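Participant: As given, the protein sequences belong to chains A and B, one line each in that order. For my numbering, count along the first sequence from 1 and bump the result up by 307. For my numbering, count along the second sequence from 1 and bump the result up by 307.
Source of the hints: derived by calculation from the structure; they are not laboratory data. Be a bit skeptical, because a hint or two may be false.
Just the calculated beta-carbon pair ranges, DEER-fashion [stated by the list, open to error]:
1. B:P422 - A:V460: 21 to 31 Å
2. B:E384 - A:Q620: 33 to 43 Å
3. A:N346 - B:K558: 37 to 47 Å
4. B:E384 - A:D467: 39 to 49 Å
5. B:D467 - A:K353: 37 to 47 Å
6. A:K353 - B:E384: 48 to 58 Å
In the DSSO-like style, the derived pairs of lysine-lysine whose C-alpha atoms are separated by at most 27 Å in a straight line are [as the list claims (entries may be wrong)]:
7. A:K443 - B:K485
8. B:K558 - B:K575
9. B:K497 - A:K443
10. A:K504 - B:K426
11. A:K426 - B:K485
12. B:K575 - B:K497
13. B:K443 - A:K353
Note that the structure is a prediction, hence the values are computed from the model and not measured. Yeah, the Cβ is synthetic: ideal placement off N, Cα and C, and Gly gets one too.
There are 2 protein chains.
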Amino acid sequence: MPTESAMNGGIGTESYAKNSRYQGGAVETAKEIITEGINKNLDIEKLSSTSVDTFRIADFGCSTGPNTFIAIQTIVEAVRKKFETELSDSRVPEFQVFFNDRISNDFNTLFASLPPERKYYAAGVPGSFYERQFPKDSLHFAHSSCTLNWLSVMPQEILDNSSPAWNQGKITYSGEKKEVLKAYALQYAKDLDSFFKARAQELVCGGLMAILVPTVPNPNSDLSSITFPSYDLLGTCLIELAERGRFDAAKVDSFNLPLYYTYPNELKAIIEKNQDFSIERIEVLNVRSKHQTDPDPKAFSLAKRAVFEGLLQEHFGNEFMDELFDLYAEKIKETAVPSNPKETSMITFVLVKRVLRMT
Amino acid sequence: MPTESAMNGGIGTESYAKNSRYQGGAVETAKEIITEGINKNLDIEKLSSTSVDTFRIADFGCSTGPNTFIAIQTIVEAVRKKFETELSDSRVPEFQVFFNDRISNDFNTLFASLPPERKYYAAGVPGSFYERQFPKDSLHFAHSSCTLNWLSVMPQEILDNSSPAWNQGKITYSGEKKEVLKAYALQYAKDLDSFFKARAQELVCGGLMAILVPTVPNPNSDLSSITFPSYDLLGTCLIELAERGRFDAAKVDSFNLPLYYTYPNELKAIIEKNQDFSIERIEVLNVRSKHQTDPDPKAFSLAKRAVFEGLLQEHFGNEFMDELFDLYAEKIKETAVPSNPKETSMITFVLVKRVLRMT
């Protein structure tokens, strides 16, 4: 079954809008590098020869804001300035911005919080970014931040108790089983390939795409050194709830986070396989040092709740969510996970250009 | 203050989605005439000379469906067939459809009910259709059904107890006061002018717009013969609630429905004032005879609730809505308003083409 649940909607205490400072940090950190990328790599002359009256931008996996608005603002300003400088004020196109996320995303909240002073026409586009969402050659700039670590579906073997990749008692691939990691990695490569194939159709030649991908450092020989203490701890909480009789232990076995953290070398190899894009820049952003995850256990628990609650509700029902995330906050406090240096997640920035297809 | 509330969201008993059969009747009735209009008036050769890779359609005031999906399906099919017939299968463009309504519209419900088998890319566009919502020259076909009877704001003099146009004790202009009717009509002309000015910018030259406008028959000399028994009855219910002590009587005086029903001659004159459009067809649709308003009092009350509840809640608070619409259903039953021949609302269809601007 495809993973369909989106980030927590609304603007309440448990909403993504109120609990996405870490993701916001990524966007803030990327501002400069995106502006630089547009200055250096957007070929205005070439684009304008095909008469761009409207410059179309899409943010894939936008959720509910405000991060998406900050990212879009950066892009619109950089492109506008480039048009003004290289051509003239009168040649600046109008901007149309498409906010994309899953159908279950809270678009009502997104629309209600659109910046009133924005200088672009806004639209929401519901649907999975692993598929086509836009007409051919209709976008000039694509953006996606902190979303390309989500799998489109869970690989079946993970959930199959007769498979060597059965991930019993765990909710992610952190651990010793190589088969589990492999199943996740294969699905990820397939998904990312779908993402790039779809975007290659949608972007005009010369169009740019900036992606901020949650990754882990390039591994040495020992892939099993990749661990996610914070996810393991969430798994432990689920097991404890099962022990308290809230649901069957088998429920935990059949639940896995559809998340995979690729590493820069693997990411680069997947993109290079797609001949429609050239990599203009790839680098690891130093997000963590500038935008520390909130060390307060309750805030840390809330941030994870905003992201995973929908997914967990679908599987376990919604009556255990308060208990689960209270327990999680407690365990976070006991183990001091947020400041644990073993948590290896980082963000890799990639800027690609849609090249002319050789057919 | 601009009127901001939208139709009732969701898919429950009181939702617009479940209570818009009359509006659906208009869309059904217009199917044939829209298809005909596209066949006769869409200049494919001319459009395709400007290389239409994507054919862009917008529905202004779409609400939550299903009516909007039926209308869009009709338009997409007619355009597709025309391309196939006049050019070739390979020249059929991709379709992108924009669903527009106020920011407070329930886009989440709209997106969740998008037809899965649709052959177009969908997007939602939040914002008032009395203002620009799209980039210049970006639309090929615009549509709007049963929405162009809403005013963008209430004219101030209606609410001013020192003005001859003060509409005390009434919630619409049905009645004897000419000043009230005049204030409504002036605001309407202004709003419709804004609508056409905005669409003229957004539509490409040769682009078409089909509007289904709730109207009344062309009046004779006696404008005050225009009456709306069903709205008057709703006003009576509000006064009765004030008498029951639910709210102050002044609350009713300061409430007016921001609805104006123009008549074919007036509509034509307003459109003709705008030099950017040529009227290709204008005619009254025989909706009522084919799609009678539900004569069941409860259903009639629900249909009005789906449309006006948001507006009434804003003004009177939400605690009286059940009482109000129960009372309304009772009064409908007593007076047999739904089958009252004095209710003169009908629907006028207009097809316009965006002509080359003479500058």
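Participant: Hints numbered earlier in the text: which of these fail when held up against the supplied structure?
Facilitator: 3, 5, 6, 7, 8, 9, 11
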